[in-house]
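Chains as they are written, first to last, in this note's numbering: chain A, 1 to 358; chain B, 1 to 162; chain C, 1 to 370.
Fair warning: there could be bad hints in the mix.
[As the list claims (entries may be wrong)] Think about it this way: if two alpha-carbon atoms lie no more than 20 Å apart in a straight line, the pair counts; the simulated PhoX-like pairs of lysine-lysine are: (1) B:2 <-> C:236; (2) B:2 <-> C:215; (3) C:358 <-> A:132; (4) C:358 <-> A:134; (5) C:236 <-> C:215; (6) C:353 <-> A:134; (7) A:132 <-> C:348; (8) C:318 <-> A:173; (9) C:348 <-> A:134; (10) C:122 <-> A:134.
[Claimed, not checked] Some chain B residues judged to face chain C by a derived CB distance under 8 Å, without partners named: (11) 17; (12) 20; (13) 21; (14) 24; (15) 27; (16) 30; (17) 68; (18) 72; (19) 73; (20) 108; (21) 110.
These aren't lab readings, by the way, just hints derived from the structure by calculation. Note that beta-carbon positions come from the ideal geometry of N, C-alpha and C, so glycine has one too.
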Amino acid sequence: MDKTGNEATIGINTKFLEFIRGFGLPRFIIAGFLLILFIMAPFVGADFATQITNTINRFSWNAVMVLAMVPMVHSGCGLNFGLPLGIISGLLGATLSIEFGFTGATSFVMAAAIATPFALLLGGGYGWLLNKIKGGEMMIATYVGFSSVSLMCMMWLLLPYRSPTMVWGMAGKGLRTTISLEGFYDKVLANFLRINIGNLSIPVGSLLFFATLAFLMWSFLHTKTGTAMTAVGSNPVFARASGINVDKMRALSVLMSTWLSAIGILVYEQGFGFIQLYMGPFFMALPAVSAILIGGASVNKASIANVVIGTFLFQGLVTMTPTVMNSMIHMDMSEVIRVVVSNGMILYALTRKTEAKT
Amino acid sequence: MKSKRVALFRAASILSLLVIAGVMMVIGRGHTVYLDNKSMDYNGQTYAALYKIVAFVDGEQVASLSGRERGMATCIGQGLGVALEVTREKDGEEQSFTVTLPLPYSMDGIIINLPAYLAGLPAEAYLSEFIPAPEPSEDEDSETDVLPGDEILPDEELLGDI
Amino acid sequence: MKSKKNPFLELIQNNSVPIMFIIICAVCIPISGFSPGYLLNEIITRMGRNTFLILSLLIPIMAGMGLNFGMTLGAMAGQIALILVADWQIWGIPGIILAMIISIPISLLLGLFCGKMLNMAKGREMITSYIISYFINGLYQLVVLYMMGPIIPIIHTSIKLPRGYGIRNTVSLLNMRQHLDNLLAIRIGGAKIPVLTFLVIAMLCLFIILFRKTKLGQDMRAVGQDMDVARNAGIKVERTRIVSIIMSTVFAGLGMIIYLQNMGNIATYSSHSQIGMFCIAALLVGGASVERASIGNVFLGVTLFHLMFIVAPSTGAKITGDSMIGEYFRVFVSYGIITVALVMYEAKKRMAKSKAGKMLEDAQGKGEGN
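Please construct the entire structure, taking both the sequences and the accompanying hints into account.
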């Protein structure tokens with residue numbers, strides 16, 4: 001009797017450990033921490049519905065940018081630390097759309113339309129570069145992002161923008177650091193079909209937009225090209241042997257990622273209500289990268305589910321910690337917690353032995 | 001044998017660093033010394049301010065004090081060597097003293113009442129701690145207003161002198 | 001086998017980055033309108049300020065671990081030490097020495113952590129060390145913003161935030177400002193030469209030169225060349241790599257203290273984060289690459305990079321009428337130069353790999369032919 005009991009507990013223990021191992025300890029801790037935050041929230045007087053609303057709101061802002069990670073991870077290019085490059089295409093689209101005088105919902109469509117050629121151009125060059133330096137993608141992606149952001153800092157000042165809503169009032173030239181989107185595409189997706197129940201408010205339009213893109217991504221990954229891309233990522237030698245053009249697949253994935261991040265920043269802006277220029281896009285890559293990692297992705301594996309779970313967990317953490325922590329210990333440590341958690345997660349993913357590089 | 005020597009060497013270097021650190025803590029303690037030329041009462045007796053006191057530290061004049069004035073000097077270590085030129089009364093004779101004022105380790109700012117010191121009173125009479133007036137609580141909010149759009153804007157971090 | 005190249009052309013090719021910078025500076029200096037005396041003075045000041053920090057990058061490069069973006073860790077250790085010393089009111093040279101001694105154990109711990117992590121991420125050391133610097137920055141904020149006050153006693157209100165815990169955005173080091181530079185300083189025609197600082201830098205240079213000849217230094221180079229070969233030769237690869245990172249972190253901590261005593265105040269939450277990037281950029285400007293860097297590169301780099309740094313804003317202002325352009329320009333150049341260096345390094349590595357693969361293929365083909 002005893003023996004079997006012991007064995008059973010051991011069995012449960014090992015199963016539990018295996019589950020944790022498969023799930024990843026940091027992920028487990030973060031999920032647990034968030035759960036505790038949710039349970040604590042009502043006790044410290046935070047309104048539950050408001051919290052959920054905030055989390056879902058922020059989820060809807062960020063999800064597309066996290067989705068942009070997926071194609072490059074699939075093709076073996078690693079985590080796209082070069083997200084700012086795509087963001088810049090999005091910003092060009094956004095500012096040009098306003099400059100050309102589009103307003104309301106049209107300005108969003110036009111921003112996306114104008115951003116697309118920029119994204120294709122920059123993404124094409126970026127993909128070509130990454131094919132030259134296989135194996136060192138992540139570091140170079142980081143610095144490509146940084147140098148393009150700092151190059152654009154000069155451009156925002158120098159490009160001949162004239163729209164009075166965007167340029168500095170005094171000088172009459174040079175774009176402002178933050179541009180309000182009121183009258184343009186502020187909340188244009190979020191207010192579409194928005195559901196309001198008491199304090200709870202759900203931006204259905206934004207979520208639908210993300211769902212559509214996610215579904216497209218999912219179906220793409222199940223097409224012939226999509227499976228070929230996955231094959232390139234999981235085993236490039238085998239992929240080449242079976243006649244797949246590895247470089248082409250990788251370039252395509254980079255292109256997709258860049259375009260998605262361009263669209264992602266537009267979605268972010270419509271939710272947030274402002275365009276942030278200059279150093280704004282600088283650190284946008286890190287939250288997106290850590291979000292997908294928290295969702296269960298690794299340096300060479302990622303799924304749509306990872307995106308959804310990860311973004312929800314990460315944004316939940318970001319919105320919940322300030323309110324709960326503040327009312328509990330009267331210290332706003334959320335900033336520090338976010339920095340430690342997001343970078344700790346990336347660090348964890350980078351140092352896992354199982355992911356020996358090819 | 002070798003490992004023992006390595007361990008010994010390590011212990012010795014750690015010890016010597018600790019000793020140096022200790023020495024630095026003693027000889028590097030900085031004080032701000034305020035030299036007062038003010039009247040003061042001690043044990044019922046009044047020590048009046050002097051007509052003029054000129055103080056030199058390291059040959060440099062740090063203060064020239066008429067009655068009821070205060071001068072300031074900074075000092076590293078536990079003793080301040082000052083050369084004083086004292087004129088007790090108007091048109092009086094000028095006297096020179098060279099003294100070393102012992103400074104207590106625990107005080108940042110120290111007030112020395114010179115008339116009391118020159119009268120040869122004990123330390124507790126002429127020496128007192130300078131307590132800076134509490135700053136008007138300017139509500140310098142440490143949390144810079146980060147917009148809900150998160151992410152630290154590193155503008156100041158990157159633009160600036162190095 | 002080796003085709004004879006024009007030696008002059010080869011010289012240009014091998015030093016393309018420094019030459020490019022010389023051209024940039026040559027164009028910018030006349031436009032900026034600074035006098036040569038002013039520029040010389042500035043360069044000397046900045047050389048004394050930054051060289052020690054940049055030298056700390058050399059050892060990990062020797063061990064094949066690439067550019068140590070984790071030098072920020074040492075900078076944080078240095079800052080923590082300086083904050084403590086400023087609170088204890090230890091002034092002048094003793095204060096600087098005390099801060100250096102305090103920074104060493106903190107740097108040791110952080111370096112150990114960084115080294116262990118990098119051993120778990122062989123082949124992607126740079127991105128990992130880069131993320132480590134952000135991760136530790138979070139912990140640094142935790143310590144400085146929340147633990148200093150309630151847990152680590154901080155007495156002086158000039159350092160503490162008004163709310164009672166945490167450190168202010170700037171901590172003044174007025175009482176040790178340039179004490180190291182001014183001791184033994186020589187003035188030659190308006191330019192101040194901080195002899196003692198240069199002596200300290202020279203000592204580190206000497207140390208690095210001598211260190212290369214020791215057993216540990218040789219081991220590091222072996223590890224840098226080929227980890228497997230080194231392991232077969234009986235070298236403890238992991239340990240050697242950790243030691244190299246620890247040394248780099250400790251030197252970076254000392255360098256940060258030298259840097260900050262010259263500046264005269266600490267920007268508590270930003271001094272360290274920019275320093276890694278600018279130091280690496282300066283080293284690369286001097287003609288170093290990811291796998292090879294010498295002391296000469298450091299000095300050339302510090303001169304050229306800071307010359308660009310000084311003249312860029314006013315040149316930009318003169319040309320476009322906006323001083324921000326120049327500021328952004330130098331940030332762009334710093335990032336651009338690192339990007340280019342990284343691309344060149346990876347491309348070269350890949351070329352060597354494919355060449356090796358081809359040679360192997362050829363050899364196999366020959367074997368089959370026979």
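So, going through the hints one by one against the coordinates:
{"no.": "1", "hint": "B:2 <-> C:236", "verdict": "holds, 18 Å"}
{"no.": "2", "hint": "B:2 <-> C:215", "verdict": "holds, 15 Å"}
{"no.": "3", "hint": "C:358 <-> A:132", "verdict": "holds, 17 Å"}
{"no.": "4", "hint": "C:358 <-> A:134", "verdict": "holds, 17 Å"}
{"no.": "5", "hint": "C:236 <-> C:215", "verdict": "holds, 12 Å"}
{"no.": "6", "hint": "C:353 <-> A:134", "verdict": "holds, 11 Å"}
{"no.": "7", "hint": "A:132 <-> C:348", "verdict": "holds, 10 Å"}
{"no.": "8", "hint": "C:318 <-> A:173", "verdict": "holds, 17 Å"}
{"no.": "9", "hint": "C:348 <-> A:134", "verdict": "holds, 11 Å"}
{"no.": "10", "hint": "C:122 <-> A:134", "verdict": "holds, 16 Å"}
{"no.": "11", "hint": "17", "verdict": "holds, 5 Å"}
{"no.": "12", "hint": "20", "verdict": "holds, 6 Å"}
{"no.": "13", "hint": "21", "verdict": "holds, 5 Å"}
{"no.": "14", "hint": "24", "verdict": "holds, 4 Å"}
{"no.": "15", "hint": "27", "verdict": "holds, 5 Å"}
{"no.": "16", "hint": "30", "verdict": "holds, 3 Å"}
{"no.": "17", "hint": "68", "verdict": "violated, 28 Å"}
{"no.": "18", "hint": "72", "verdict": "violated, 14 Å"}
{"no.": "19", "hint": "73", "verdict": "violated, 13 Å"}
{"no.": "20", "hint": "108", "verdict": "holds, 6 Å"}
{"no.": "21", "hint": "110", "verdict": "violated, 12 Å"}
Violated hints, in rising order: 17, 18, 19 and 21; the structure is consistent with all others.
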